[in-house]
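Full structure from sequences and hints, please.
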Amino acid sequence: MCGIVGLFLKDPKLEPKLGAMLTDMLITMTDRGPDSAGIAIYGAGDGKRAKITVQSADPDADFRSLDADLKEAIGKPVLMLVKSTHAVLEVPVDQMEAARTALAHLRPQVKVMSAGENIEIFKEVGLPKDVAARFEVSKMGGTHGIGHTRMATESAVTTMGAHPFSTGADQCLVHNGSLSNHNGVRRTLKKAGMTFETENDTEVAAAFISHKLKEGAQLGEAMEATLTDLDGFFTFVVGTKNGFGVVRDPIACKPAVMAETDQYVAFGSEYRALVNLPGIEEARVWEPEPATVYFWER
Amino acid sequence: MQTFDLGAEGLRALNSALHALKGQTNMTSWEVVNPKGAHAIAAGVDAPVDITVRGSTGYYCAGMNKQATIRVKGSAGPGVAENMMSGTVIIDGDASQYAGATGRGGLLVIKGNAASRCGISMKGIDIVVHGNIGHMSCFMAQSGHMVVLGDAGDALGDSLYEAKLFVRGSVKSLGADCIEKEMRPEHYEALEDLLRRGEADGKARPEEFRRYGSARKLYTFNIDNASSY
Numbered sequence: 018m019c020g021i022v023g024l025f026l027k028d029p030k031l032e033p034k035l036g037a038m039l040t041d042m043l044i045t046m047t048d049r050g051p052d053s054a055g056i057a058i059y060g061a062g063d064g065k066r067a068k069i070t071v072q073s074a075d076p077d078a079d080f081r082s083l084d085a086d087l088k089e090a091i092g093k094p095v096l097m098l099v100k101s102t103h104a105v106l107e108v109p110v111d112q113m114e115a116a117r118t119a120l121a122h123l124r125p126q127v128k129v130m131s132a133g134e135n136i137e138i139f140k141e142v143g144l145p146k147d148v149a150a151r152f153e154v155s156k157m158g159g160t161h162g163i164g165h166t167r168m169a170t171e172s173a174v175t176t177m178g179a180h181p182f183s184t185g186a187d188q189c190l191v192h193n194g195s196l197s198n199h200n201g202v203r204r205t206l207k208k209a210g211m212t213f214e215t216e217n218d219t220e221v222a223a224a225f226i227s228h229k230l231k232e233g234a235q236l237g238e239a240m241e242a243t244l245t246d247l248d249g250f251f252t253f254v255v256g257t258k259n260g261f262g263v264v265r266d267p268i269a270c271k272p273a274v275m276a277e278t279d280q281y282v283a284f285g286s287e288y289r290a291l292v293n294l295p296g297i298e299e300a301r302v303w304e305p306e307p308a309t310v311y312f313w314e315r
Numbered sequence: 016m017q018t019f020d021l022g023a024e025g026l027r028a029l030n031s032a033l034h035a036l037k038g039q040t041n042m043t044s045w046e047v048v049n050p051k052g053a054h055a056i057a058a059g060v061d062a063p064v065d066i067t068v069r070g071s072t073g074y075y076c077a078g079m080n081k082q083a084t085i086r087v088k089g090s091a092g093p094g095v096a097e098n099m100m101s102g103t104v105i106i107d108g109d110a111s112q113y114a115g116a117t118g119r120g121g122l123l124v125i126k127g128n129a130a131s132r133c134g135i136s137m138k139g140i141d142i143v144v145h146g147n148i149g150h151m152s153c154f155m156a157q158s159g160h161m162v163v164l165g166d167a168g169d170a171l172g173d174s175l176y177e178a179k180l181f182v183r184g185s186v187k188s189l190g191a192d193c194i195e196k197e198m199r200p201e202h203y204e205a206l207e208d209l210l211r212r213g214e215a216d217g218k219a220r221p222e223e224f225r226r227y228g229s230a231r232k233l234y235t236f237n238i239d240n241a242s243s244y
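Line by line, the protein sequences are chains Y and V. All residue numbers for the first sequence refer to the numbering used here, where the first residue is 18 and numbers rise by one. All residue numbers for the second sequence refer to the numbering used here, where the first residue is 16 and numbers rise by one.
No wet-lab data here; the hints were simulated from the structure. These numbers come from a predicted model, not from an experiment. Don't take each hint at face value.
[Said to hold, decoys possible] Non-contacting residues of chain V with respect to chain Y, defined by C-beta distances greater than 12 Å in every case (computed):
1) S31
2) V64
3) D208
[Claimed, not checked] To give an idea of the interface, some chain Y residues facing chain V are shown, with a C-beta separation under 10 Å as derived from the structure:
4) D63
5) L230
6) P267
7) I268
8) A269
9) V274
10) M275
11) Y288
12) R289
13) A290
14) N293
15) V302
16) W303
17) E306
18) P307
Heads up, the beta-carbon is just placed ideally off N, CA and C, and yes, glycines get one too.
See the structure below:
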């Protein structure tokens with residue numbers, strides 16, 4: 018079991034409340050996944066700055082003077098915001114790859130959670146309410162976001178095993194289910210140049226979609242390909258810089274409920290996760306069909 | 016009328032109160048407000064009472080129901096009326112996967128659509144769905160009736176035993192050992208009754224339906240069928 022929540026806002030008036038709405042939804046899904054929790058929030062980027070969200074097991078040591086060290090390495094200004102075990106590093110967008118390379122040398126033990134113009138990912142072991150509070154998710158605004166509560170089956174309960182997984186700039190994926198051919202797909206993707214941080218099946222699904230997008234596929238096409246190439250049980254929710262997608266395997270035993278109004282598109286593993294959204298009584302509520310790709314882009 | 020606020024009083028208090036009703040009771044009419052998708056609402060009721068749930072429910076609403084009439088004024092999550100023994104459950108909206116699974120008796124009415132595995136392993140329950148049903152519905156269904164006013168998804172009635180299936184719309188595909196069968200007078204008669212009890216008699220006529228049932232080639236072991244098992 019696992020819990021997934023997602024929100025794609027159509028009404029800019031709701032954007033300041035995105036984090037608060039997602040936090041409420043995430044906590045409702047605690048009993049589907051009390052092991053760890055994570056959230057990906059897409060803020061409005063300005064096209065000039067990129068954000069690298071990093072995680073450390075020893076934040077006091079690792080984040081001390083990290084902004085200054087990184088600035089010296091790339092020769093450009095760096096802004097750092099530390100939130101508990103995570104730090105968001107803002108760099109000029111054309112320096113993102115240089116900053117990542119420098120980071121790997123400066124702090125090899127630090128893990129990159131996400132990188133991109135809009136995305137920030139925060140995830141940790143623990144109850145969803147504690148994870149959300151630790152990163153002050155409820156204070157965050159944004160255009161769309163995805164949250165996950167994990168009940169681990171395929172790999173260990175660790176920070177890196179928590180969802181969402183990000184395997185490309187501004188991309189992320191969360192998963193309810195388990196994949197049976199992930200080792201084979203991982204080998205193929207490694208040969209194609211993708212890199213992996215964990216032995217987790219979901220990371221393979223994320224990398225599979227990132228690889229398709231890198232090859233030039235549209236979001237819908239990349240998600241469609243999961244239906245033929247990935248074997249196992251899955252409900253995936255995918256985020257990109259400007260999009261939000263959902264796909265379920267043909268057996269569709271992992272639950273999924275969606276709601277749409279003029280203001281938002283929402284996803285929940287259960288209807289319980291959606292009950293406090295504004296206007297839910299009048300929303301169009303439905304279960305996504307098996308083996309059918311749904312996505313929204315702005 | 017007993018009104019129960021699930022948000023304020025909680026699920027255990029509701030189900031304890033409902034389980035305390037045995038045999039004849041003067042508290043015959045119940046209303047549950049603020050269900051908010053909670054699980055196991057009115058599961059395990061065994062009394063001739065009417066229960067109306069004002070909103071949508073989560074997993075296993077009305078599970079194991081005996082005698083009660085339970086109406087959901089919204090949609091129902093997975094496993095609604097699972098293993099129902101008797102009574103009536105009416106869902107005004109849609110039902111999620113495995114609605115009416117393993118049901119032994121009673122009537123389940125779904126006014127909207129039902130998702131996958133509706134009536135899986137049903138053993139005597141009658142199910143009337145006003146909309147469509149999803150894939151693998153009536154898998155290994157043993158007895159009872161399934162009436163679908165809309166369409167059926169893939170693999171309808173796979174490995175079917177003796178349940179009788181009536182579908183008005185299209186069937187995407189039939190499962191192993193499920194075949195179309197002739198509509199005889201007794202089937203029109205049974206369907207007429209089911210449509211009336213399922214609050215669908217104004218929407219459809221028995222002659223608009225096709226009947227599906229077991230070819231009976233799979234469910235008793237036959238060495239000639241070994242490759243099909």
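Structure-based check of all given hints:
1. S31: 20 Å, holds
2. V64: The claim stands: V64/V keeps its Cβ more than 12 Å from every Cβ of chain Y (closest is about 25 Å).
3. D208: At roughly 30 Å from the nearest Cβ of chain Y, D208/V sits farther out than 12 Å, so the non-interface label holds.
4. D63: 39 Å, violated
5. L230: Because about 30 Å separates L230/Y from the closest Cβ in chain V, which is outside the 10 Å limit, the hint is violated.
6. P267: 8 Å, holds
7. I268: 8 Å, holds
8. A269: 6 Å, holds
9. V274: 8 Å, holds
10. M275: With a closest approach of 12 Å, the M275/Y hint is violated.
11. Y288: 4 Å, holds
12. R289: Hint on R289/Y: holds, closest Cβ of chain V at ~4 Å, below 10 Å.
13. A290: Cβ of A290/Y sits 8 Å from chain V, so the hint holds.
14. N293: 8 Å, holds
15. V302: 7 Å, holds
16. W303: 7 Å, holds
17. E306: Since chain V brings a Cβ to about 8 Å from E306/Y, closer than 10 Å, the hint holds.
18. P307: Holds, about 7 Å.
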